[in-house]
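J.: Sequence:
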Amino acid sequence: MKRLTLFYIVFVCFATLLVAQPKQELRAVWLTTLEGLDWPSTKGTSHAVEEKQKKELCRIFDQLKHANVNTILFQARIRGTVTYPSHIEPWDGCISGQFNTAPHYDPLQFAIDEAHKRGMELHAWVVTVPAGKWNTSYGAKQLRKKFPTLMRRAGEDAVMNPEDPRTADYIASICEEIARRYDVDGIHLDYIRYHESWKHSGSRQQARENITNIVRAIHQKVKGLKPWVKLSCSPLGKFDDLTRYPSGGWNAYNKVCQDAQGWLRDGLMDQLYPMMYYDGRHYYPFAADWSENRYGREIAAGLGIYRLIRSEGNWSLDAIKRQMYVARQLGLGHCYFRSRFLTDNTKGLYDFVCEFDNYPAVVPPMLTHQPAPTAPFLQVERTTQGDNLSWNGAQDNSDGDYLTYNVYASTTLPVDINDGRNLIATRQMQQQLSVRRNVNDTPLYYAVTAVNRYGLESTPSGNTHLPSLSARHPKNDTEHLLPNDGYSLQLPDASQLPPQTSLFYIYSMQGNLVTKRPFGKVVSVVGIPQGVYELRSYNTDGTTHHIGYFLIK
Numbered sequence: 003m004k005r006l007t008l009f010y011i012v013f014v015c016f017a018t019l020l021v022a023q024p025k026q027e028l029r030a031v032w033l034t035t036l037e038g039l040d041w042p043s044t045k046g047t048s049h050a051v052e053e054k055q056k057k058e059l060c061r062i063f064d065q066l067k068h069a070n071v072n073t074i075l076f077q078a079r080i081r082g083t084v085t086y087p088s089h090i091e092p093w094d095g096c097i098s099g100q101f102n103t104a105p106h107y108d109p110l111q112f113a114i115d116e117a118h119k120r121g122m123e124l125h126a127w128v129v130t131v132p133a134g135k136w137n138t139s140y141g142a143k144q145l146r147k148k149f150p151t152l153m154r155r156a157g158e159d160a161v162m163n164p165e166d167p168r169t170a171d172y173i174a175s176i177c178e179e180i181a182r183r184y185d186v187d188g189i190h191l192d193y194i195r196y197h198e199s200w201k202h203s204g205s206r207q208q209a210r211e212n213i214t215n216i217v218r219a220i221h222q223k224v225k226g227l228k229p230w231v232k233l234s235c236s237p238l239g240k241f242d243d244l245t246r247y248p249s250g251g252w253n254a255y256n257k258v259c260q261d262a263q264g265w266l267r268d269g270l271m272d273q274l275y276p277m278m279y280y281d282g283r284h285y286y287p288f289a290a291d292w293s294e295n296r297y298g299r300e301i302a303a304g305l306g307i308y309r310l311i312r313s314e315g316n317w318s319l320d321a322i323k324r325q326m327y328v329a330r331q332l333g334l335g336h337c338y339f340r341s342r343f344l345t346d347n348t349k350g351l352y353d354f355v356c357e358f359d360n361y362p363a364v365v366p367p368m369l370t371h372q373p374a375p376t377a378p379f380l381q382v383e384r385t386t387q388g389d390n391l392s393w394n395g396a397q398d399n400s401d402g403d404y405l406t407y408n409v410y411a412s413t414t415l416p417v418d419i420n421d422g423r424n425l426i427a428t429r430q431m432q433q434q435l436s437v438r439r440n441v442n443d444t445p446l447y448y449a450v451t452a453v454n455r456y457g458l459e460s461t462p463s464g465n466t467h468l469p470s471l472s473a474r475h476p477k478n479d480t481e482h483l484l485p486n487d488g489y490s491l492q493l494p495d496a497s498q499l500p501p502q503t504s505l506f507y508i509y510s511m512q513g514n515l516v517t518k519r520p521f522g523k524v525v526s527v528v529g530i531p532q533g534v535y536e537l538r539s540y541n542t543d544g545t546t547h548h549i550g551y552f553l554i555k
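For what it's worth, the working numbering labels the leading residue of the sequence shown as 3, then goes sequentially.
Mixed in with the good hints, there may be bad ones.
Said to hold, decoys possible - 27 Å max Cα-Cα, derived DSSO-like pairs, lysine-lysine:
hint, residue 1, residue 2
1, 135, 148
2, 119, 54
3, 57, 45
4, 147, 135
5, 67, 119
6, 57, 67
7, 201, 147
8, 67, 349
9, 54, 67
10, 119, 148
11, 119, 57
12, 67, 56
13, 67, 45
Hint data in this document are derived by calculation from the structure and do not stem from the laboratory.
Everything numeric in this text was worked out from a predicted model, so none of it was measured.
Hey, can you work out the whole structure from these sequences and the hints?
T.: Structure (structure tokens):
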């Protein structure tokens with residue numbers, strides 16, 4: 003045991019020294035609505051209470067955004083009850099304070115909108131098989147009335163029978179309803195397994211197939227509607243016994259019949275969030291196993307940050323730190339259970355996360371045969387207050403037909419979009435961004451990429467390192483136009499050009515880059531349509547200079 007402990011200490015220290023922040027990393031959090039554990043802290047249907055709920059959720063999202071979390075798993079189905087207006091199941095009481103009582107707003111839609119405003123993904127978290135306590139839970143009572151032969155008792159709990167095909171159909175219908183009506187980025191399945199006390203009637207292999215049939219039904223419904231919606235689940239933190247490290251009888255594959263690694267292999271899942279709420283030899287070897295069996299898809303280590311509190315383990319912050327460093331070294335993301343323990347800065351956790359993830363990261367793209375978007379065209383206007391960026395022209399070539407944008411900045415040329423430290427905005431919905439700067443600050447150079455719904459990123463904007471000024475029209479008719487014969491443009495005296503000129507840029511009056519021309523005594527305008535254009539020099543120091551306007555008849 004001492005040798006094992008020493009191995010972990012050396013491994014973690016080594017990992018800590020080597021790990022750099024990646025540009026692509028899954029950083030997530032479970033936001034629990036069950037009994038308002040994470041949100042909302044107040045319940046009711048008055049407008050005042052509901053506005054308080056909205057402000058509280060926005061405050062939580064602001065904190066998560068500041069900590070560079072990029073994915074929120076928002077609990078949309080609890081235990082046979084939901085937190086959105088459903089045609090299938092009743093309202094949970096966590097919002098209004100009363101079961102089957104609707105608030106005056108749609109919490110799921112509000113959460114999606116607010117997450118997207120902040121450049122974060124939002125996945126609808128759906129608890130699948132369990133329905134709460136057999137005799138007391140509202141959802142269990144409703145499901146027992148609706149499906150008297152489908153619901154089974156497991157100890158004190160009510161569960162849907164995973165061996166009955168109706169279970170797959172019913173849960174798939176809920177996921178389909180969410181995917182059809184909401185612009186969610188993912189559907190996250192919780193408790194997609196056998197209850198630990200269930201005595202299944204056939205072999206373990208058949209039991210695993212029963213759970214896989216539920217996953218397959220959900221996959222068909224959701225992907226048939228929107229193939230870009232990510233499917234994920236939270237399996238037990240240990241997939242199976244390892245050669246040298248037993249799971250202690252509590253694992254996904256044999257105990258509760260979750261073939262989670264097989265779901266990745268077969269493309270039924272896009273992501274996994276294994277619940278790795280352990281430490282030491284119960285965490286590190288199993289984290290390595292998840293990493294080695296990911297089949298090119300994304301896995302985030304589910305971190306039991308609730309164990310930081312005294313009643314749940316009284317872990318030190320160092321335990322979570324070590325787990326995060328090792329997860330990153332193994333190429334895993336991280337997901338916090340639960341949100342409140344992060345935003346409450348339990349034992350200084352939030353402070354550490356803001357340091358550990360002090361740069362944004364983009365969610366890694368899905369495995370897909372879809373094409374990436376084309377690059378946008380970027381313009382930068384320098385002002386005394388800062389830089390105003392605007393871009394256009396990107397095309398989405400996938401079936402998602404929707405683009406967001408990543409923005410990069412650097413003080414050096416060219417802007418390296420593979421360096422996560424250069425990310426300043428992710429999943430921007432608008433095609434403009436203002437960057438506040440002081441006139442004495444070192445100039446920044448920018449690049450913008452378009453991102454489709456699958457997370458595929460375009461090449462950077464055509465003028466990646468061009469700090470261009472916004473296009474201007476001739477002030478009046480007296481401003482001299484540069485003469486041309488339709489073939490060549492005559493330039494002013496060379497002494498009037500910046501000495502560092504290396505290229506010429508020709509812009510339309512709408513500010514779009516038309517073409518680039520090499521430096522010389524004359525500039526070719528062959529092939530440019532009729533109209534008025536601006537000629538600018540591009541200089542080796544990254545600046546541009548207005549030379550003049552010209553007319554092609």
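J.: Work down the list of hints and note, for each, if the structure agrees.
T.: Against the structure, the hints:
no. : hint       : verdict
1   : 135 to 148 : 16 Å, holds
2   : 119 to 54  : 19 Å, holds
3   : 57 to 45   : 13 Å, holds
4   : 147 to 135 : 14 Å, holds
5   : 67 to 119  : 10 Å, holds
6   : 57 to 67   : 15 Å, holds
7   : 201 to 147 : 24 Å, holds
8   : 67 to 349  : 20 Å, holds
9   : 54 to 67   : 20 Å, holds
10  : 119 to 148 : 39 Å, violated
11  : 119 to 57  : 14 Å, holds
12  : 67 to 56   : 16 Å, holds
13  : 67 to 45   : 25 Å, holds
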